[in-house]
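S.K.: Let the sequences and hints guide you as you build the complete structure.
Here are the chains, one letter per residue:
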Amino acid sequence: MTRTMSVTALTRITWRAPALTAVLCLASLTVAAQGTDGTRVSALSTLIVWIPFILKGFLLNLIMSILAMAIATVAGVILGFMQISPSVVLRVPAKLFTQLFRNSPWLVILFAIMLLLPFQVTLPGGDKILIPDWVKATIGFALPVMANVAEILRGAVLSIPSGQWESAESLAFTRHQTLRYIILPQCIRRMLPPWMNWYALLMLMTPMAAILGVNEALGNTQAAMEAAGSHPEFLIPFYLFLMTIFFVFIYPISIYTRRLERRFAAGS
Amino acid sequence: MLDLFAPFFQRLYETTGINFTPFYDPYDWGRLLEGMWVSVQLILAVIAVSMVIGVVGAGAQTSKLRIVRFLVAAYIEIFRNTPPIVQLLFFYFGLGAITPQVDMGGWYEPVIGSFGWAVIALGIFGGSYNVEIFRAGVDAVPETTKEAADALGFSDFKIFAYITLPLAFRFSLPALTNNVISLAKTSSLAYVIAVPEITYTLSNIWSDSVNVPEMMILLFLYYIVLVAIIAWVMGWLERKLALPGYGQ
Chain Y
1 MTRTMSVTAL TRITWRAPAL TAVLCLASLT VAAQGTDGTR VSALSTLIVW
51 IPFILKGFLL NLIMSILAMA IATVAGVILG FMQISPSVVL RVPAKLFTQL
101 FRNSPWLVIL FAIMLLLPFQ VTLPGGDKIL IPDWVKATIG FALPVMANVA
151 EILRGAVLSI PSGQWESAES LAFTRHQTLR YIILPQCIRR MLPPWMNWYA
201 LLMLMTPMAA ILGVNEALGN TQAAMEAAGS HPEFLIPFYL FLMTIFFVFI
251 YPISIYTRRL ERRFAAGS
Chain X
1 MLDLFAPFFQ RLYETTGINF TPFYDPYDWG RLLEGMWVSV QLILAVIAVS
51 MVIGVVGAGA QTSKLRIVRF LVAAYIEIFR NTPPIVQLLF FYFGLGAITP
101 QVDMGGWYEP VIGSFGWAVI ALGIFGGSYN VEIFRAGVDA VPETTKEAAD
151 ALGFSDFKIF AYITLPLAFR FSLPALTNNV ISLAKTSSLA YVIAVPEITY
201 TLSNIWSDSV NVPEMMILLF LYYIVLVAII AWVMGWLERK LALPGYGQ
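Chains as they are written, first to last, in UniProt numbering: chain Y, 1 to 268; chain X, 1 to 248.
Incorrect hints may appear among the rest.
[Claimed, not checked] Facing chain X, according to a computed beta carbon distance under 10 Å, are these residues of chain Y, among others: (1) LEU59; (2) ILE63; (3) SER104; (4) PRO118; (5) MET196; (6) GLY213; (7) ASN215; (8) PRO237; (9) LEU240; (10) PHE247; (11) PHE249.
[Said to hold, decoys possible] For each label pair, taking beta carbons as the anchor points, the in silico distance ranges come out as: (12) ILE131(Y) with ASN178(X): 27 to 35 Å; (13) PHE119(Y) with ILE217(X): 36 to 44 Å; (14) ALA265(Y) with LEU2(X): 54 to 62 Å; (15) ARG239(X) with VAL92(Y): 20 to 28 Å; (16) LEU2(X) with SER162(Y): 52 to 60 Å; (17) LEU241(X) with PHE264(Y): 27 to 35 Å; (18) GLN164(Y) with MET1(X): 52 to 60 Å.
FYI, nobody ran anything at the bench for these hints, they're computed from the structure. For every residue, glycine included, the Cβ atom is placed at its ideal position computed from N, Cα and C.
M.R.: Right, here's the structure in full:
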């Protein structure tokens, strides 16, 4: 009896956690502010002055993550379809492409895109368009997610019982019709939780763009600290604040993802 | 070893302009080897730290104390839902600034260098995933097995250490493989705190010799080979530890 008692469900924290973190963050700032010397007080007040600037950077993180996710979803679905195609010419390159981007670190892909992509393109008419760094970073972030979306699609299609394919065939559906009307509608439900997981991960990776000089949240935080005189005591509050804004945004997504996972697992 | 292929790559550069400096320049060759070695050390250390955290965390999650379970849950959620790069910077610059320094006879050096902080930060980050992975493995251990151990007079700790953990480890291997591979890839983030691992080294080489595409190819190859090796080792481990009666 005692044995079964000790097996408790994994302890989870609910919606209160982001609020709690924000409070803890503020509390630690206040503690830091109560330091005896005058410089400590300025750490908190400096942060408050720079918060709008950091949030403006965070907006770019949001835009990059949403755009990258859109690109990754479209490209990933196409790549996923190529992977399950009966034609070898489509399947093999798609597999190689997927593996290349799945097995390379985000930073390396980001470097490759940033350094190898031209910084401007010439349109057929002769006009030159400059590609801003953040657009290139967005493409860099989209590539690894694209490969994983492709894998999610492939996995979802494989998880559909083969009886579904066979009954569709016996009803004289073509392959295209079977995919369009029978397989895909069932896949979307299974794909949604991992898709959201990848969005959360993508959002968490966007600060890497700061390494390559994009003025997003991390870049702006570092710029703010420098502008404020780069005192070492700024480091902890500023980075803590940055972690908090990401946490407050990502955590609800994580919770909702888990809820969906549970619901779909129970439904199937 | 360099002498074997140096003439080939030297000629390749002279005739085609394809410049693989590490394969003919002894200095860059040394840097490449050093970068690969540091990267392997970093990955192994990070994996070790994250495994220990995973096991301890999974054990703590079964604690009867509510506060302990809450703290582990908070740890998991905080580290999984904040950007790893900011965590790394926070540890290195934020905490690194307040850690004690040792007098090296004239100059001061922090007790924990950038490599140490990278291991700590990435280990803690990876550990937050491992806790859940081991926890799922622990859940998969049949209740009856634990009851049998209980009936034989094993203490709670002994049941965890000798019965639950060895079984849970086997159940969690597939998920663990994924996380280990993802950690190996995340190790390239140590670039931001200037740990001289492969990404950092090769970026130094391409800034010196302006041969970005060639070094990119090397970097991609390095990680593809690395991931293949890890996947192979983990697959071997899985087969070696396979339990009769489970799976196929």
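S.K.: Determine for every hint whether it applies to the structure shown.
M.R.: Status of the hints after comparison with the structure:
A least Cβ separation of about 16 Å between LEU59(Y) and chain X goes past the 10 Å threshold, and the interface hint is therefore violated. For ILE63(Y), the suggested interface contact is broken, since its CB lies about 16 Å from the closest CB of chain X, more than 10 Å. Against a cut-off of 10 Å between C-beta atoms, the interface hint on SER104(Y) holds, since the closest Cβ of chain X lies about 5 Å away. Contact between PRO118(Y) and chain X, as hinted, is not supported at the beta carbon level, the nearest pair being about 13 Å apart and thus beyond 10 Å.
Interface hint at MET196(Y): violated, since its Cβ lies 13 Å from the closest Cβ of chain X, which is beyond the 10 Å cut-off. The interface hint given for GLY213(Y) is violated, since its Cβ lies 13 Å from the closest Cβ of chain X, which is over the 10 Å cut-off. Given the 10 Å rule on beta carbons, the hint for ASN215(Y) is violated: about 15 Å separates it from the nearest Cβ of chain X. Among the interface hints, the one on PRO237(Y) holds; its C-beta lies about 9 Å from the nearest C-beta in chain X, closer than the 10 Å criterion.
With a least beta-carbon distance of about 7 Å to chain X, the hint placing LEU240(Y) at the interface is held under the 10 Å criterion. Nearest Cβ of chain X to the Cβ of PHE247(Y): about 5 Å, under the 10 Å cut. The hint holds. Restraint check, PHE249(Y) versus chain X: the minimum CB separation of about 9 Å is within 10 Å; hint holds. In this structure the supplied range 27 to 35 Å holds for ILE131(Y) paired with ASN178(X), their Cβ-Cβ distance being about 34 Å.
Range check, PHE119(Y) to ILE217(X): about 21 Å between beta-carbon atoms, so the 36 to 44 Å window is missed. Between ALA265(Y) and LEU2(X) the Cβ separation comes to about 55 Å, which falls inside the hinted range of 54 to 62 Å. A C-beta distance of roughly 27 Å is found between ARG239(X) and VAL92(Y), which places it inside the suggested range of 20 to 28 Å. Judged by the Cβ atoms, the range 52 to 60 Å given for LEU2(X) and SER162(Y) holds: they are separated by roughly 54 Å.
Checked against the hint of 27 to 35 Å, the C-beta distance between LEU241(X) and PHE264(Y) comes to roughly 31 Å, which is consistent with it. At roughly 56 Å, the beta carbons of GLN164(Y) and MET1(X) sit within the given window of 52 to 60 Å.
In summary, the numbered hints that this structure violates are 1, 2, 4, 5, 6, 7 and 13.
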